[in-house]
Amino acid sequence: MPEKSAGALAAPKPEKKYPLPKISAPRVPRGTLYRGREGMWSWVLHRITGVAIFFFLLVHILDTSLVRVSPEAYNAVINTYKTPIMGLGETALVAAIGFHALNGLRIILIDFWSVGTKHQRLMFWIVIGLWIVLLIGFVPRQFMHIFGGA
Amino acid sequence: MSVTIETPRAPRTVRRPRRFNVEKWGWIYMRASGVVLVVLIFGHLFVNLVAGQGVKAIDFAFVGGKLSQPFWQIWDTLLLWLALIHGANGMRTIVNDYASNRLLRVIFKGALIASAVVLLVLGTLVIYTFDPCPAGASPADLASFCPVK
Ligand code: HEM
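Protein sequences, first through last, are from chains V and E.
With the working numbering, letter number 54 in the first sequence gets 514, and the count goes up by one each step, no holes.
With the working numbering, letter number 108 in the second sequence gets 767, and the count goes up by one each step, no holes.
Keep in mind the hints are simulated off the structure, nothing from the lab.
Even for Gly, the Cβ is constructed at its ideal location relative to N, Cα and C.
The reader is advised that the hints may include incorrect statements.
Claimed, not checked - Ranges between beta-carbon positions, derived for each pair:
hint, chain 1, residue 1, chain 2, residue 2, range
1, E, 701, V, 581, 36 to 46 Å
2, V, 529, E, 716, 29 to 39 Å
3, E, 756, V, 497, 16 to 26 Å
4, V, 511, E, 727, 28 to 38 Å
5, V, 537, E, 764, 47 to 57 Å
6, V, 518, E, 733, 50 to 60 Å
7, E, 765, V, 571, 39 to 49 Å
8, E, 673, V, 481, 16 to 26 Å
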């Protein structure tokens, strides 16, 4: 008697009358606006760059405040910013703020532009493109300043 | 024993709307300040890092030259207030997301508001009480417009 009920539960064999649609799970999840693809990674980068810039800003207000102490105090600290290591750090900071600013504008367009959500993925790659253009403009100039005599 | 069950179709008790919605205005502030910050920050970076000699040119005299002009005083004041409040409010969102313990949240947000208030006051005082030609400083450190003493 058990084999009878088990048989009743099994899926009925499809009749081969119509071609059945082939549905298979994509190998890479397609994701949504939030999960898995450009939408998520832009958020991750936005968050990391935001935190990094915030902590830099805390220090930057303090170092600039030294102008109120004395020219010597300010110059002593700002001179340590002119070393190659700090120059590289500054380059990373400009890269971070460049991404945060451009992607921030993308977030604003997603929120306020009627077709913003529809084009969010394309806008992410536009952000990356503009970011690369920004860095091509900035990095050589910065390296001239910190490594070269110019 | 009788059990009272709510009338299924009873209207929900309406929460009285708060007059000032912090989350809503925080959200609006992030976007409004962001647009202005793009201009302020890229201008700031261009003048300080790209134009002229870049970071190598920054010293007391350079800052003295900038902060003695009302234009840069206002620019830097806006930059200070908009960026620090934007950053602190963004950090508040992140604390809300990750700090699951109530006490930790209170500590982190307390630290955020304390550091933001202290730095806003300090930064604003520096911008408006700054003397580009302080007495007793070596003339070599000062901007060229300072009177020779
Ligand atoms: C350059 C101009 C900037 C633009 C256009 C911009 C834009 C934005 C936008 C639209 C958000 C999202 C807010 C939300 O999701 O509700 C955001 C978040 C944030 N921003 Fe900015 N921002 C800028 C500069 C800055 C600066 C200077 C700082 C640091 C002091 C900063 C720190 C943050 C932080 C910490 C967050 C929170 C990130 C998160 O919740 O994941 N931003 N920004």
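Right, here's what the structure says about each hint:
1. The supplied range of 36 to 46 Å is broken by residue 701 (chain E) and residue 581 (chain V), whose beta-carbon atoms lie about 25 Å from each other.
2. The beta-carbon spacing between residue 529 (chain V) and residue 716 (chain E), approximately 21 Å, falls outside the hinted interval of 29 to 39 Å.
3. Judged by the Cβ atoms, the range 16 to 26 Å given for residue 756 (chain E) and residue 497 (chain V) holds: they are separated by roughly 21 Å.
4. Against the hinted window of 28 to 38 Å, the Cβ-Cβ separation of residue 511 (chain V) and residue 727 (chain E) comes to about 34 Å, which satisfies the hint.
5. Range check, residue 537 (chain V) to residue 764 (chain E): Cβ separation about 34 Å, and the 47 to 57 Å hint is violated.
6. With their beta carbons about 22 Å apart, residue 518 (chain V) and residue 733 (chain E) fall outside the hinted range of 50 to 60 Å.
7. A C-beta distance of roughly 30 Å is found between residue 765 (chain E) and residue 571 (chain V), which places it outside the suggested range of 39 to 49 Å.
8. Checked against the given bound of 16 to 26 Å, the beta carbons of residue 673 (chain E) and residue 481 (chain V), roughly 47 Å apart, lie outside it.
Of the numbered hints given earlier, the model fails hints 1, 2, 5, 6, 7, 8; all others are met.
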